[in-house]
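J.: Sequence:
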Amino acid sequence: MFNPRPFAAAALTLVTVLAGAALTALPAQATEPPQPAQQPAAAELPLRDPSSRAASTQAPTDQFIVGLKSRGNIASEAAVTSQAARSAAGRVGTAAQYVRATATGAQVVKTGKSLQGADADTFLAALRSSPDVAYAEPDTIVRATAANPNDPGFDLQWGLWDERAGIRALGAWDNNRGEGAVVAVVDSGITYHPDLAPNVLAGYDMLSNPEWARDGDGRDANPQDQGDWAGDGQCEAGSPASRSSWHGTHVAGIVAAVGNNNDGITGAAPAAKILPIRAIGSCGGYISDVADSIVWAAGGSVASVPANPNRANVVNLSLGGVSACSVTEQNAINFAHNAGTAVVVAAGNTGRPAAEISPANCQNVITVAAAGADGSRAPYSNYGAAVDVTAPGGDMDADYRYGILSTSNYGSTVPEDEAYEFLQGTSMAAPHVSAIAAMLMSEVGSTYTPDMVKARIKATARPLPVACPQGCGAGLADAAKALALTAADLPAHTVIPAAVTFSDKDGTAADTLTVPESQGVEYVRYDGTVLPAGPHAGSGTVSVFARSLPGYTLMAGATAQWTYKYTSTTAPVAGSLITVTPFRALDTRTSSIVARDSTVSFQVAGRGGIPAKVSAVVFNLTVAEARSFGFVTAYASGTTRPDASNVNFDKGQIVANSVTVPVGADGKVTLFNRSAGATHLIADISGYYRDGIPTAAGAFKSIDPKRFLDTRSTTAVAPDTARAFQVAGANGLPPTVSAVVLNLTVAEAKSNGFITAYPSGVNRPDASNINFAAGQIIPNSVTVPVGPDGKVMLYNRSNGATHLIADVAGYYLSGTPTAGGTFQPLAAPTRFLDTRSGYPLLPDTATSFQAAREHGVPEGAPAIVLNLTVAQAASNGFATAYPMAAARPDISSVNFDKGQIVANSVTTPIGEFGRVALFNRSAGSTHLIADVSGYFLPG
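With this note's numbering applied, the sequence shown corresponds to residues 572 to 1510, in that order.
Just so you know, not all the hints are guaranteed correct.
What the hints assert, rightly or not - Here are the simulated DSS-like pairs of lysine-lysine, each with C-alpha atoms no more than 27 Å apart in a straight line:
| id | residue 1 | residue 2 |
| --- | --- | --- |
| 1 | K1469 | K1222 |
| 2 | K1239 | K1184 |
| 3 | K1222 | K1321 |
| 4 | K1076 | K1184 |
| 5 | K1362 | K1277 |
| 6 | K1321 | K681 |
| 7 | K681 | K1222 |
| 8 | K1136 | K1184 |
| 9 | K1239 | K1277 |
| 10 | K1076 | K1052 |
| 11 | K1321 | K1136 |
Hints were generated in silico from the structure; no laboratory data involved.
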């Protein structure tokens, strides 16, 4: 759960206490800043019920691996596996088929849909219950992405993402997140925290003073932070009372809090592991304990302490004292350095030269100063020639949110519930750099030495935005630059394999894969065949991996495996959809308003990447500043205006609807304002259909809009009942069609509710196409599959009767589509996103959902058709759908008022990683629901 603790210690100042001949490193609390009058923004983040963690967190996958028990006694492993998979698939309402055997003798099966959570658990349990199955596990889909993580506190972690003052971690995550790296945090120990625990290894308590340790003994295998609170004068004469800092927990969270788990925060290296070593207690810690901690972390032997099975790649020391570097410290640091472990230390918080602070003044360390949220040196931070680099440490004088947010605990003395806390200090800056070091070592591998890590971090640092004449080292640490490694940046004989490339000519003999010339590397197909450099024939699914030649080492984080599935689809044909970057084709607010009972035309062909001749266009039509109620009709320029409506509106309303309409011979579309007052019209184009006579399965055939259903001429649709109407074979349509595009209008509704459109002959899906209020007239565009009897069903989910009108604008040809850009409807509209099961989308923020590789949408599909619904909006505004990782276009997909439930059909390209982004442009939070009705084939 996310329990913010905003008013804890503002900083950890490092002071020195002499106890005999030993030097203690003592974290002491500084003065806390005044409490803001308003509740902190962090406290408004939603709490999560820990019980929800019991559900499977396995990423969705549609392939599973099965190992059989007695392989020699089974006549056909494929048959046995297929039977077990089909039986298991029936438990979750899908199909399964045998794919292949792995090189190790296991079997791979594919399910008819991606499974995750309870469905994946059920499927796996059913497989494992088969008497022939020894084990079953997900065949996890691995993909790299640097999208913002879904952790609710990420927006407050400016030290990670801010371009001016942060380490720019998102750019680093394109390459590495610290996978396989171990960071030892030598500190006050660690408390249990659900946002940290999955990344915590078994550490050690190196505190030799039982009184300071507060656990009743000296060194032991439990690095639990028992609390470092102290009473007045407890540690030295005149020392003030202080509460527990939970310093080690905070530092650990900065390095490697679990990322993308919809909870709390994310670490700078969220895939790294933390090795907690407790060396600081209630009154500090002896340098001898700290030194032993460093040696043990780096894989060395410590008397009476078991060997460390997880040698650290990095040791973080957010501690110190005013002293020269001791021999004990330096020897320990040298051991770690020679063992290949980088040591990162805090410069200190006393506003003096770091050369006066140990271990910042030791050799073979990376000494880190602190910057505030403006990128300047924090006023408390030490400085000077001993500083190697600067990183975000925070400055909470103006606002506590300018501190560094990380994991903590609510306890003032002993541990209580887990919490989050803003702190400032070089103690917070050092773990940012430790995370970069961990990602570098993970990326390059064992050949990357601590000296190379230090040199790389310094070489890629960028200047502070505010001058630092006192000396801030090489500048601000920049994770994105540091991880942007090329072959020239690597140790000798460490190589990055050049990528295998694939040319897919749509199922022709020209489909090839090309193996590059790459020094120190050879390329091998999965059957063991070494592939020489040059082109090779490609078909089906091809996997190639790279391996190093003798005398060379592959960079650990380099891509060394390439898998490609050649498509069997052909090039786009007449009636194929071609998506474009959405653009605004018409906005009468910049010219003149459309008068009542008048038309306006706008150019489609020949602009925005659209060719001179197209059959139809897909655009979002928005009405704004209407001076009367009415409706708008869209139709091909130069043709007779049809008796149909595309969007209905009330006076003053802003309302949008998706329109698919033929394009006139002059390349234009005409819009007619049927109302008693003028109105403004906006048209945002997202795609077009290729010109020509459509003949291929899944191709789109536009027609002049025709009314196929109007219950006002018969009887209203009763509450909780469905009405079927004939599509195929009616009004000139062929006897079989796969799907239709229609404008559905609700009129004279007696109650609030929604309508669901779906093909006849299937179960009604859990989706909505149009939401309405009592008395409202509201349209929405609908793309819906057609049942085997040629009919479409419309279900009225409300407490009152309502009239329904359906105007068909086109249809998709029946058959199995194979050409690029042709349409494949899903069996029924399917819900891909519903934020009501989690958190609403905050103002002026974006979310995204997985489209490709979900519910049958294939990899490479260029676009989907979805119904986007806004619910529980806290303010007026609009939502924009656009492809992930593309620049957000200046368009709207659905407009909404505060408290309104409103839907709109959207045809949107699919972006990077197979995802679609949704942006909430409003002053309040809102929920979004996405119901997908089909997709367009790649090609």
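J.: Does the alpha-carbon distance linking K1362 and K1277 stay inside the 27 Å limit?
T.: 16 Å, holds
J.: Taking 27 Å as the top limit, are the C-alpha atoms of K1222 and K1321 close enough?
T.: 21 Å, holds
J.: Below or equal to 27 Å on CA atoms is what counts here, so check K1321 against K681.
T.: Between K1321 and K681 the Cα gap is close to 47 Å, so the pair fails against 27 Å, i.e. violated.
J.: Quickly compare the C-alpha distance for K1136 and K1184 to 27 Å and report which way the hint goes.
T.: Violated, at about 33 Å.
J.: Does the alpha-carbon distance linking K1076 and K1052 stay inside the 27 Å limit?
T.: Cα-Cα ~36 Å, so violated.
J.: Take a quick look at whether K1239 and K1277 sit within 27 Å of each other, Cα to Cα.
T.: 20 Å, holds
J.: Please verify whether K1076 and K1184 have alpha carbons no more than 27 Å apart.
T.: 25 Å, holds
J.: Does K1222 lie within 27 Å of K1469 when you go C-alpha to C-alpha?
T.: 17 Å, holds
J.: Compare the distance between the alpha carbons of K1239 and K1184 with 27 Å, and conclude whether the hinted pair is satisfied.
T.: 10 Å, holds
J.: Going straight from one Cα to the other, do K681 and K1222 come out at no more than 27 Å?
T.: Violated: K681 and K1222 sit about 54 Å apart, past 27 Å.
J.: CA of K1321 to CA of K1136, is that 27 Å or under?
T.: Violated: K1321 and K1136 sit about 52 Å apart, past 27 Å.
Comparing the model with each earlier hint shows violations of hints 6, 7, 8, 10, 11; every other hint is respected.
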